[in-house]
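Enquirer: Can you build the whole structure from these sequences, using the hints too?
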Amino acid sequence: MGTENLVRKLPNDIGGDEAGKIERVEHELLPWEKRCHALADVLDFHKIINTEEKRRGVESLGAEMIGKLSYYERWIVAFANILFQKGILTPGELAVKMSEVEGRFSDVPDTRQS
Amino acid sequence: MSATLKKLTAVVPADGEVPLFKEGDAVVIATRSPIGHYRMPTYLRGKSGNIEAVIPGRAVDNEEEGYGRNAGSKGYYYRVAIPMTEIWPDYIGSANDGLRIEIFENWLENPTDV
Amino acid sequence: MSEQHDHDHDHDHDHDHAPITVDEKPGYFDLMETAVRELLIERKLFGADEIRRQIEVLDSRTPALGAKVVARAWTDADFKSRLLENGRTGCEELGITFYDDTQLIVLENTPAVHNLIVCTLCSCYPRPVLGLPPDWYKLKPYRARAVYEPRAVLEEFGTSIPDDVEIRVSDSTAIIRYLVLPMRPVGTEHLNEAQLADLVTRDAMIGVIQVGYDREAA
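Protein chains in written order, with the numbering used here: chain A, 1 to 114; chain B, 115 to 228; chain C, 229 to 446.
It is worth saying that the hints were derived from the structure and are not from the lab. Only true hints are included.
In silico DMTMM-like links for lysine to aspartate or glutamate, alpha-carbon gap of 20 Å or less: (1) Lys54/A / Asp329/C; (2) Lys54/A / Glu278/C; (3) Lys21/A / Glu383/C; (4) Lys253/C / Glu102/A; (5) Lys54/A / Asp44/A; (6) Lys368/C / Glu383/C; (7) Lys86/A / Glu266/C; (8) Lys188/B / Glu219/B; (9) Lys97/A / Glu266/C; (10) Lys308/C / Asp426/C; (11) Lys308/C / Glu320/C; (12) Lys272/C / Glu93/A; (13) Lys161/B / Asp13/A; (14) Lys47/A / Glu278/C; (15) Lys34/A / Glu252/C; (16) Lys54/A / Asp328/C; (17) Lys368/C / Glu18/A; (18) Lys34/A / Asp277/C.
Expert: And the structure:
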């Protein structure tokens, strides 16, 4: 196979692929992850972004992002992209809003791990 | 007038209103390779199985739904039974082991037509 | 759950505050979630109350609901046959609502058949009945291997299924979700429904383990 398999087989289509041992990991959702899940459900209820569009949006992030972003990181980025595609939001509006939200925490020390 | 009456007594269902397959039918999964978004995993393309159940009620083709067509083409989903040995020639386990999956109508073919 | 959550119960605010008490700056994707949500609420595409309500719905769904369904099926044959006929309406009889468009098929384990559920394409899971799936269910090793070598996967969970028992793997991809109805363990005849429900775990309803009962320990 040349490069065509990058197109014909989606990164999330992994049934039957070789894979390692199952590590039985689980974690309690972070508050933002739970909000993100609720957001996904509400977007689907209103058919602003239906569940299938969300799946398509995640797949279209491509293999590198699917491999490196966490589950809900993939969701929120996919939502943003779909909202841009639908003309509901623009990339600029989101960037401005994110700065505004970040500004609310200007007196809080940044302890994030990069 | 008589033509109208004739129509009323012989109602012909529109395409897709009646399930194409019934319980027990042998089916083959299509081998096409859509790009962009699909819900038919590649590991099952071209495999043979049997209809275990017709899922009641028609639903939108989720490959269309993935692009926001919430009122897209409707059809039936089927619960299809496929032996593991049909999918994986080197399957390790019992010959009775099997897979079940829901498949949208337009992915299924009658083996005698293939 | 959180302080913010309790705070929200006092009054029906129509806007979302940033949490009042924070000890660290939100991460990049946390900020993105807040920004997307607030922009959509400002555009009146939905209300902040809908998000709060859905968080409450999500919090109310845990494997205890599924366990209740299983225990009822073990003790009430009529209920069990209705449940196997239509999983969704069976659960609804017990007050478990379905907040999405999914249907539910309940797969009964018997001495001849062992069921296992997976979603190879994403992470379909019976959320209304079991809550959110564990991470391992959403990660590649389980999704990739469950359809190819289910017996090896089961062994990794400590579950050994004899060769004369048929393994059925249900790959969930569209509108149907699955719940495994495990076999009732032997020696539990004296237990009541609530005691039986306590034995039923999430993993048993996914089908990666069986329900066990150790009378000595109980």
